[in-house]
Amino acid sequence: MRQGQIIRVSGPLVIAANCFGAKMYDMARVGHLGLIGEIIELKGDLAYIQVYEDTTGLGPDEPVLLTDQPLSVELGPGLLGTIYDGIQRPLDLILAKEGNFVTRGIEVPALDREKLWKFEPLISSGAEVKSGDILGIVKETPLILHKIMVPFPIEGQVSEIKEGEFKITETIAIILTKSGPVPITLAQTWPIRKQRPVSRRLMPDELLITGQRVLDTLFPLAKGGTACVPGPFGSGKTVVQHQLAKWSDAQIIVFVACGERGNEVADLLLSFPELKDPLTGRPLMERTVIIANTSNMPVAAREASIYTGMTIAEYFRDMGYSVALMADSTSRWAEALREISGRMEEMPGEEGYPAYLASRIAEFYERAGKVICLGSDKRIGALSVIGAVSPPGGDLSDPVVQATLKVVKVFWALDDRLANMRHFPAINWLLSYSLYAENLKPYYQSKVAEDYPDLRQEALQLLEEEAELLEIARLVGIESLSLRERLILETARSLREDFLHQNAFHLEDTYSSMRKQYLMLRNILHFHHLGLRALEAGIELEAILSLRVKEKIALMKYEPEEANLLDLYLNIDREFKELGASQPKEVVHV
Amino acid sequence: MYKDYLTVSNIVGPLLIVEKIEKVKYAELVEIETGDGQRRRGRVLDVSTERAIVQVFEGTAGLDVVKTRVRFLGRSERLGVSEDIIGRILDGSGRPKDGGPEIIAEKWLDINGSPINPCARDYPSEFIQTGFSAIDGMNPLVRGQKLPIFSGSGLPHARIAAQIARQAKVLGKAEKFAVVFGAMGITFEEANFFIEDFRRTGALERAVLFLNLANEPPIERISTPRLALTCAEYLAFDLDMHVLVILMDMTFYAEALREISAARKEIPGRRGYPGYLYTDLATMYERAGRIKGKKGSITLIPILTMPEDDKTHPIADLTGYITEGQIILSRELHRRGIYPPIDVLPSLSRLKDKGIGQEKTREDHADVLNQLFACYARGKEARELALILGEAALSDLDRLYLKFADLFENNFVRQGEFEDRSVEKTLDLGWKLLRLLPRRELKRIRPEFLDKYYQA
Ligand SMILES: Nc1ncnc2c1ncn2[C@@H]1O[C@H](COP(=O)(O)OP(=O)(O)O)[C@@H](O)[C@H]1O
Ligand SMILES: [Mg+2]
Numbered sequence: 001m002r003q004g005q006i007i008r009v010s011g012p013l014v015i016a017a018n019c020f021g022a023k024m025y026d027m028a029r030v031g032h033l034g035l036i037g038e039i040i041e042l043k044g045d046l047a048y049i050q051v052y053e054d055t056t057g058l059g060p061d062e063p064v065l066l067t068d069q070p071l072s073v074e075l076g077p078g079l080l081g082t083i084y085d086g087i088q089r090p091l092d093l094i095l096a097k098e099g100n101f102v103t104r105g106i107e108v109p110a111l112d113r114e115k116l117w118k119f120e121p122l123i124s125s126g127a128e129v130k131s132g133d134i135l136g137i138v139k140e141t142p143l144i145l146h147k148i149m150v151p152f153p154i155e156g157q158v159s160e161i162k163e164g165e166f167k168i169t170e171t172i173a174i175i176l177t178k179s180g181p182v183p184i185t186l187a188q189t190w191p192i193r194k195q196r197p198v199s200r201r202l203m204p205d206e207l208l209i210t211g212q213r214v215l216d217t218l219f220p221l222a223k224g225g226t227a228c229v230p231g232p233f234g235s236g237k238t239v240v241q242h243q244l245a246k247w248s249d250a251q252i253i254v255f256v257a258c259g260e261r262g263n264e265v266a267d268l269l270l271s272f273p274e275l276k277d278p279l280t281g282r283p284l285m286e287r288t289v290i291i292a293n294t295s296n297m298p299v300a301a302r303e304a305s306i307y308t309g310m311t312i313a314e315y316f317r318d319m320g321y322s323v324a325l326m327a328d329s330t331s332r333w334a335e336a337l338r339e340i341s342g343r344m345e346e347m348p349g350e351e352g353y354p355a356y357l358a359s360r361i362a363e364f365y366e367r368a369g370k371v372i373c374l375g376s377d378k379r380i381g382a383l384s385v386i387g388a389v390s391p392p393g394g395d396l397s398d399p400v401v402q403a404t405l406k407v408v409k410v411f412w413a414l415d416d417r418l419a420n421m422r423h424f425p426a427i428n429w430l431l432s433y434s435l436y437a438e439n440l441k442p443y444y445q446s447k448v449a450e451d452y453p454d455l456r457q458e459a460l461q462l463l464e465e466e467a468e469l470l471e472i473a474r475l476v477g478i479e480s481l482s483l484r485e486r487l488i489l490e491t492a493r494s495l496r497e498d499f500l501h502q503n504a505f506h507l508e509d510t511y512s513s514m515r516k517q518y519l520m521l522r523n524i525l526h527f528h529h530l531g532l533r534a535l536e537a538g539i540e541l542e543a544i545l546s547l548r549v550k551e552k553i554a555l556m557k558y559e560p561e562e563a564n565l566l567d568l569y570l571n572i573d574r575e576f577k578e579l580g581a582s583q584p585k586e587v588v589h590v
Numbered sequence: 001m002y003k004d005y006l007t008v009s010n011i012v013g014p015l016l017i018v019e020k021i022e023k024v025k026y027a028e029l030v031e032i033e034t035g036d037g038q039r040r041r042g043r044v045l046d047v048s049t050e051r052a053i054v055q056v057f058e059g060t061a062g063l064d065v066v067k068t069r070v071r072f073l074g075r076s077e078r079l080g081v082s083e084d085i086i087g088r089i090l091d092g093s094g095r096p097k098d099g100g101p102e103i104i105a106e107k108w109l110d111i112n113g114s115p116i117n118p119c120a121r122d123y124p125s126e127f128i129q130t131g132f133s134a135i136d137g138m139n140p141l142v143r144g145q146k147l148p149i150f151s152g153s154g155l156p157h158a159r160i161a162a163q164i165a166r167q168a169k170v171l172g173k174a175e176k177f178a179v180v181f182g183a184m185g186i187t188f189e190e191a192n193f194f195i196e197d198f199r200r201t202g203a204l205e206r207a208v209l210f211l212n213l214a215n216e217p218p219i220e221r222i223s224t225p226r227l228a229l230t231c232a233e234y235l236a237f238d239l240d241m242h243v244l245v246i247l248m249d250m251t252f253y254a255e256a257l258r259e260i261s262a263a264r265k266e267i268p269g270r271r272g273y274p275g276y277l278y279t280d281l282a283t284m285y286e287r288a289g290r291i292k293g294k295k296g297s298i299t300l301i302p303i304l305t306m307p308e309d310d311k312t313h314p315i316a317d318l319t320g321y322i323t324e325g326q327i328i329l330s331r332e333l334h335r336r337g338i339y340p341p342i343d344v345l346p347s348l349s350r351l352k353d354k355g356i357g358q359e360k361t362r363e364d365h366a367d368v369l370n371q372l373f374a375c376y377a378r379g380k381e382a383r384e385l386a387l388i389l390g391e392a393a394l395s396d397l398d399r400l401y402l403k404f405a406d407l408f409e410n411n412f413v414r415q416g417e418f419e420d421r422s423v424e425k426t427l428d429l430g431w432k433l434l435r436l437l438p439r440r441e442l443k444r445i446r447p448e449f450l451d452k453y454y455q456a
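Those protein sequence lines, which keep their order, are chains A and B.
Residues in the first sequence are numbered consecutively from 1, following my numbering.
Residues in the second sequence are numbered consecutively from 1, following my numbering.
Straight-line Cα separation of at most 25 Å, DMTMM-like style, residue types lysine to aspartate or glutamate; simulated pairs:
id, chain 1, residue 1, chain 2, residue 2
1, A, Lys550, B, Glu381
2, B, Lys452, B, Glu441
3, B, Lys443, A, Asp573
4, B, Lys360, A, Glu508
5, B, Lys169, B, Asp238
6, B, Lys403, B, Asp367
None of these hints come from the bench; they were simulated from the model.
For clarity, every value in this text was computed on a predicted model and none was experimentally measured.
Can you build the whole structure from these sequences, using the hints too?
Structure (structure tokens):
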């Protein structure tokens with residue numbers, strides 16, 4: 001291996017001389033400790049290296065080993081259930097080896113080298129295969145079949161394929177390619193900054209069910225889509241992301257804890273093995289990979305961590321799974337980029353961020369998508385990406401927020417005014433949007449209920465009317481509003497408090513099925529429709545609001561039984577009838 | 001043994017540029033000798049084959065480029081610790097300030113520490129009763145949490161912090177307990193207030209103080225909180241103690257960091273603070289916590305004064321992004337004579353959920369807390385409306401909410417400086433207020449708790 005020498009150390013940036021022939025984004029081992037770094041700029045024989053570990057004690061003249069390999073991740077059985085640092089070192093192994101504090105220059109393999117995996121071939125020797133074709137499977141966890149794919153860009157004829165138990169480094173098949181025989185192992189590697197290829201991209205048209213009412217009903221994310229959650233501290237970004245990791249109906253979750261709190265990672269690690277997947281009853285950890293580079297860990301590794309996560313997510317997508325990646329928070333990644341850029345004395349753009357910030361953000365989100373994967377079976381995979389953004393002071397004009405909004409299709413606007421009054425999720429219903437809502441209409445109609453899109457529309461409209469009416473009331477007093485308008489205010493309040501408000505820490509409330517969401521919404525609007533009729537029939541508003549069903553509506557979120565929600569609908573009819581006001585059969589949704 | 005360099009070429013603000021150096025390492029400790037034999041200390045911020053940039057802790061006043069001698073010590077800054085450190089008052093660099101002897105070190109610790117492996121963390125879940133209703137009831141603190149106080153100049157943050165140090169206890173437990181106090185740039189009077197309070201209550205015997213006062217070198221403040229946290233780690237993870245760390249005032253710390261950044265001509269971030277302020281603060285705040293298999297813990301209360309009471313100021317903003325919540329003081333409540341002037345709505349404890357409830361505090365705690373938040377928020381809205389339109393324009397219900405908000409501030413938040421309320425008492429007070437409102441308004445409380453507590 002070639003070797004250069006350090007000529008300068010400035011925080012996480014190291015400059016080395018005598019690096020002729022080094023390539024951009026190659027990995028380097030820096031100093032006597034062999035710290036891991038990546039070449040991010042070349043000037044003549046000088047290599048600028050961002051170092052993923054603390055550089056304290058490093059100095060000029062120490063050696064820099066040029067590996068000639070790009071910074072890559074290892075992909076294969078053993079990923080699921082693992083927690084990695086930003087450059088894919090398993091943190092549990094580091095703990096076992098080095099103790100409670102993370103030290104430097106540690107070498108641990110990303111995937112277990114000794115473990116034996118049972119490989120079942122799905123094709124036989126002699127078969128012609130293309131990149132992405134599935135050679136066989138390994139049952140990685142009781143939840144997930146790990147499909148062993150022909151690595152890109154290999155294609156040719158399988159000259160040998162084995163069955164049995166193998167370590168990830170052992171050959172399980174040999175493919176005769178144009179340039180000779182290539183041994184295939186259970187694991188492959190892929191450079192983290194390079195998008196993994198697919199056959200074709202598709203339009204996302206299936207709902208990613210999250211069980212969070214404000215998301216699924218008002219601002220839905222489609223499988224393979226992109227969303228961002230910007231908001232000031234304490235507004236609920238992390239809880240939203242954790243809720244998605246816990247409850248969304250993706251098959252694989254990759255959670256990137258990027259430059260945030262250690263205790264939040266501890267929370268995931270302690271709760272995921274306990275929590276059960278709602279569909280299969282298996283521990284959530286069996287479908288999850290965590291990448292954790294917390295705020296006190298080396299800053300440069302934060303920059304790499306989201307690519308490490310993304311590449312792992314793409315790999316599972318390539319197997320034909322629906323994958324969701326959460327990055328909390330992309331702002332910390334952008335800040336790491338800014339810090340390195342500053343030390344390289346690049347020309348700063350807005351707020352000191354480098355000029356290429358926006359293109360990096362766009363590139364990142366473009367790796368999401370619903371796709372036809374490589375491989376002859378044309379399987380479909382989806383990778384949904386949800387990024388938290390932490391703008392200074394919650395100010396949405398922040399360059400990271402702005403660049404993100406240009407590319408993502410769903411905007412969940414967190415509002416600290418709502419968070420302060422503990423309305424959670426504090427997603428502002430007037431500012432947020434989903435560009436998938438229209439595409440998903442047929443999905444809602446066929447999978448939930450024919451009238452669901454209409455109910456959704458009506459709910460959104462009521463909430464907007466509420467904002468206008470409240471403004472009027474603020475200016476001239478509540479008296480100026482008609483009875484009808486006051487009922488609208490009451491219904492909007494019910495929508496907010498009884499439907500949108502959802503406590504992530506309440507056993508029952510934390511997740512609502514689509515069916516439940518539909519029934520809840522229908523009951524609230526049913527009450528509203530009958531209320532409007534009752535007003536027309538001259539019944540007092542106070543009498544309408546004092547109906548016993550009103551209290552039941554407030555408790556719907558804690559109601560596990562569908563039958564009771566259906567009953568409530570009939571009870572609403574009954575109580576209004578007792579008021580002497582309505583002929584429920586004729587009611588139509590307006 | 002060490003080579004002395006007389007090759008200082010430039011002095012810029014708190015920085016020295018030293019030329020023609022050999023074998024200097026990034027971040028190593030530096031000893032500087034002035035022409036008249038005075039010793040100062042510093043740290044390497046940037047090193048290349050030709051020169052090193054050195055930050056001088058005591059400042060560069062009086063240094064020159066001719067006679068200044070520089071010596072590179074080949075190690076980073078360390079703190080010598082042993083059990084004898086307990087009960088001592090040290091300066092901002094860790095030297096005795098109480099007239100006592102040097103501490104004979106049992107071991108030397110790098111003051112920068114190392115990141116706790118996230119896998120090693122134990123999730124904090126033991127409720128600490130501070131005796132403040134506004135904290136225990138609304139934004140409860142747990143052992144191992146980092147919960148800052150966002151204050152403003154002239155607000156009683158010091159009194160509140162001292163009261164927490166005095167009253168904090170974990171229910172039903174008597175364990176080894178210590179306070180570590182790190183002062184950065186505060187006045188003699190403020191520091192003395194703590195010392196006297198600790199002395200009176202006997203806490204001084206279980207305390208370690210690191211004091212860098214307003215008239216002491218600003219650049220030294222970069223080390224002070226790190227020394228305090230290093231000491232806390234030793235007490236918590238070597239000696240099994242539960243340690244409460246109070247750091248005051250983080251604003252002066254950040255200003256010192258800004259000064260260095262400006263001298264290096266770095267591209268400034270918001271309001272002139274360096275772009276790496278977030279990371280820099282995080283490497284300190286994240287040293288709080290619990291570790292699996294260790295008995296001790298570090299609970300951290302950093303205090304900062306927000307310039308112009310602005311919570312979006314970078315120091316408060318970045319702190320809030322790192323810590324596990326924040327306690328925010330309000331000038332308005334203070335003006336109205338309410339102590340503690342804690343503004344509960346924007347305050348937050350992120351770790352409360354696993355610290356409260358049955359067997360920890362009381363079964364109804366979470367629901368009562370959520371309900372009090374919702375009602376107080378609505379009451380404050382009603383108050384605003386009444387300001388614009390007059391109270392008469394409010395609906396009957398809104399008038400009730402308004403009354404609720406007034407009583408909440410006057411009876412629940414307000415309490416005496418020596419009043420130590422139990423969490424039971426706090427929750428009972430909460431129910432007393434909630435009874436002002438009709439039952440159907442209390443949607444955040446489970447029916448079974450309403451049945452049990454609402455009537456009472
Ligand atoms: N859906 C929710 N249900 C209940 N509490 C919530 C919810 N979302 C947020 N919270 C509360 O708000 C706090 C802050 O949320 P968090 O997601 O950590 O904010 P951020 O990541 O934006 O700083 C949490 O600790 C929790 O107390
Ligand atoms: Mg967060």
